[in-house]
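Visitor: Each chain, letter by letter, is given below.
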Amino acid sequence: MSDMSMYIPGNSFFHKCDAKVKMLLLVIVSIMAFLFHSPYLSGFLLIVGAVFNYISIGNRMFKHMLTRMIIIMMFFLIILHGFVNPRGETPASFFGQEISLPFFGAYTYEGFYLGLVFWLRLSSIIMMAELFISTTSPSDLIHGLHKLGVPYNFCFMVSMSLQLIPISVREAQIINSAQRARGLPEKSIVDRFKGLLPMFVPLVVSSLERMERTSMALECRGFGNTNNPTSMSDIVIRKSDIALMVITLLLLVACVIIRIRFGSFDMTDHLTSWADCFRLVAR
Amino acid sequence: MSEYILELKDVNFKYENAPTVEEPALKNINLKVKKGEFIGVIGSNNSGKSTLCALCNGLIPKALDGEFSGQVLVDGQDIKDVSTAKMSQKVGLVLPDPEAQLSQLTVYDELTFGPSNLELPREKIFEEADRVMKLIRLENFKERSPFSLSGGEQQRVAIASVLAMNPEILVLDEPTSNLDPLSTQEIFEIICKLNREMNMTVILVEHEVELMAQYVDRFVVMDNGRIVLDGSPKEVFSHREVFEQIKMFIPTVTSLAGEIDEEYRKWGNYEYPITLEEMIKIIDSRKE
Ligand SMILES: Nc1ncnc2c1ncn2[C@@H]1O[C@H](COP(=O)(O)OP(=O)(O)OP(=O)(O)O)[C@@H](O)[C@H]1O
Ligand SMILES: [Mg+2]
Numbered sequence: 049m050s051d052m053s054m055y056i057p058g059n060s061f062f063h064k065c066d067a068k069v070k071m072l073l074l075v076i077v078s079i080m081a082f083l084f085h086s087p088y089l090s091g092f093l094l095i096v097g098a099v100f101n102y103i104s105i106g107n108r109m110f111k112h113m114l115t116r117m118i119i120i121m122m123f124f125l126i127i128l129h130g131f132v133n134p135r136g137e138t139p140a141s142f143f144g145q146e147i148s149l150p151f152f153g154a155y156t157y158e159g160f161y162l163g164l165v166f167w168l169r170l171s172s173i174i175m176m177a178e179l180f181i182s183t184t185s186p187s188d189l190i191h192g193l194h195k196l197g198v199p200y201n202f203c204f205m206v207s208m209s210l211q212l213i214p215i216s217v218r219e220a221q222i223i224n225s226a227q228r229a230r231g232l233p234e235k236s237i238v239d240r241f242k243g244l245l246p247m248f249v250p251l252v253v254s255s256l257e258r259m260e261r262t263s264m265a266l267e268c269r270g271f272g273n274t275n276n277p278t279s280m281s282d283i284v285i286r287k288s289d290i291a292l293m294v295i296t297l298l299l300l301v302a303c304v305i306i307r308i309r310f311g312s313f314d315m316t317d318h319l320t321s322w323a324d325c326f327r328l329v330a331r
Numbered sequence: 008m009s010e011y012i013l014e015l016k017d018v019n020f021k022y023e024n025a026p027t028v029e030e031p032a033l034k035n036i037n038l039k040v041k042k043g044e045f046i047g048v049i050g051s052n053n054s055g056k057s058t059l060c061a062l063c064n065g066l067i068p069k070a071l072d073g074e075f076s077g078q079v080l081v082d083g084q085d086i087k088d089v090s091t092a093k094m095s096q097k098v099g100l101v102l103p104d105p106e107a108q109l110s111q112l113t114v115y116d117e118l119t120f121g122p123s124n125l126e127l128p129r130e131k132i133f134e135e136a137d138r139v140m141k142l143i144r145l146e147n148f149k150e151r152s153p154f155s156l157s158g159g160e161q162q163r164v165a166i167a168s169v170l171a172m173n174p175e176i177l178v179l180d181e182p183t184s185n186l187d188p189l190s191t192q193e194i195f196e197i198i199c200k201l202n203r204e205m206n207m208t209v210i211l212v213e214h215e216v217e218l219m220a221q222y223v224d225r226f227v228v229m230d231n232g233r234i235v236l237d238g239s240p241k242e243v244f245s246h247r248e249v250f251e252q253i254k255m256f257i258p259t260v261t262s263l264a265g266e267i268d269e270e271y272r273k274w275g276n277y278e279y280p281i282t283l284e285e286m287i288k289i290i291d292s293r294k295e
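Taken in order, these protein sequences are the chains called A and B. Residue numbering for the first sequence is 49 to 331, as defined by the working numbering. Residue numbering for the second sequence is 8 to 295, as defined by the working numbering.
Pulled out of the complex, with its shape left as it was, chain A reads as follows (with noise of 0.2 Å):
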């Protein structure tokens, strides 16, 4: 509980490679996953965002809340929605049965399909997000988010709210064991509730007094003095970053093109089989 962030510290290639690259690599990903309304491009994306997860945090990347996360979603909208989607009008065919849900109705081609893109789309941005978050320190990311023009005040708040949450828990823990050990009453989830408001006051009295003590330490170091602190990270634009940028960028200018002359390849009214989920162009 001490440690909320999710950075896992490392040495890949996507460790040292520049925050503001990666968070451009994001940025592009959330655009290109939405611009089709077919499973290939974002299938490709969360396979290639799988692979750089891998290869930066090699099996971590399971154990990760993030992949957990697509695994849930995974169910809600390709299981689930096969049912409940209001635009599914023709029954699926299991090996020639319709499975069917009461009140919801029959899993349909429809809302297979739906599901599926919109799962796509969902989980290669949050796979390049994983990415994103796992290999840039927050320091790293304060850096980046300065350098993007971000104030540098409101930098430090985001650090600085990023550490308070562990400390709160703690300290609502501590507030909490004296409490009990005065005899707060702890029997039933009712007690458990009154309690919280027992504690929720010292709680914010304390956090009070401890950002009143903490920012006098500040200033004794210092902070205040200069709105450009010297920048102490280690990462600078490399070619490959560059080069990665670069092919990203005429990727995206080459899908969009494509959607522009071709449309969004979207075969929503057109399924009537399994492989129709999985045709570019309709028959």
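One thing to keep in mind: the hints can contain errors.
[Said to hold, decoys possible] Result set (DSS-like, lysine-lysine): computed pairs, CA atoms no more than 25 Å apart in a straight line:
1. B:LYS149 - A:LYS64
2. B:LYS241 - B:LYS288
3. B:LYS131 - A:LYS195
4. B:LYS42 - B:LYS21
5. B:LYS294 - B:LYS254
6. B:LYS254 - A:LYS64
7. B:LYS254 - B:LYS34
It should be emphasised that the hints constitute simulated quantities derived from the structure, not laboratory data.
Once you've looked at the hints, dock chain B with the ligands against the given chain A.
Guide: Structure of chain B with the ligands alone, referenced to chain A:
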């Protein structure tokens, strides 16, 4: 420039929201500190030691509200004329609460935070941070979050983060309250070394009178917002009656010598000892 690096002239201060309404926290404080001095400030709780520390870098009267009168000069410059942030280059203040002093994501960032606010060049900051890290022995914690450390470790980080700014005057308000005896002694040794080798002026507030007596050049004894004694350890501890009056202890050996005063006089014309080593030396020399 004046010959004193820090000068407090007729300072009075009363906290705005003080619990005891009438009593000012500091009354008529006059203190002159020469460059390179190592001063120990002692006194019972609520005697105004922390308030004195906050005066040295201008937190009082700027950040803490209250009635302030008098003048505080750092290197001949009135603290009212300079912002606390600017003053941090000259006066480093280590506060007693370690956790509230930490703000960065890693211990190393904590060390580079102060100097980077002073806009020093990068290389110099790294050099300084590495030096301090070695000095305070923090290498093993370099990449850890300061909030995940124990109280004692946090206190060491807090001290290190101020040292990294390389101030001319180092003011430490109970910097070892969370440390075990061995680490306390170690910190004292380090501070003493900085004082002797780099001629850093040190003002140290502590309760460990006996340990301090081994290191400091001068004691300032405070009681109830006033400076009651000011002088070398020997001078200060010769006023046993004052210590009795303000209910503070003096080093055991000094106290012992006082208790057996008549007998002690017969030993020869010795001054009262203040450290155990001194007493042992005196006893040894008598045997010969
Ligand atoms: N922030 C504050 N607001 C109001 N009054 C304060 C504040 N800080 C200290 N005081 C009061 O000023 C007086 C001197 O306190 P100070 O903290 O300087 O004592 P101290 O010698 O450092 O004590 P200790 O040994 O406990 O640290 C006390 O009476 C205290 O109640
Ligand atoms: Mg104090």
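Visitor: Confirm or reject each hint.
Guide: These are the hints, each one checked on the structure:
1. B:LYS149 - A:LYS64: With a Cα-Cα distance of about 19 Å, the restraint between B:LYS149 and A:LYS64 holds, given a limit of 25 Å.
2. B:LYS241 - B:LYS288: Holds, because 16 Å separates the two Cα atoms, which is no more than 25 Å.
3. B:LYS131 - A:LYS195: 22 Å, holds
4. B:LYS42 - B:LYS21: 28 Å, violated
5. B:LYS294 - B:LYS254: Cα-Cα ~35 Å, so violated.
6. B:LYS254 - A:LYS64: 60 Å, violated
7. B:LYS254 - B:LYS34: 20 Å, holds
Hint violations for this structure: numbers 4, 5, 6, all remaining hints satisfied.
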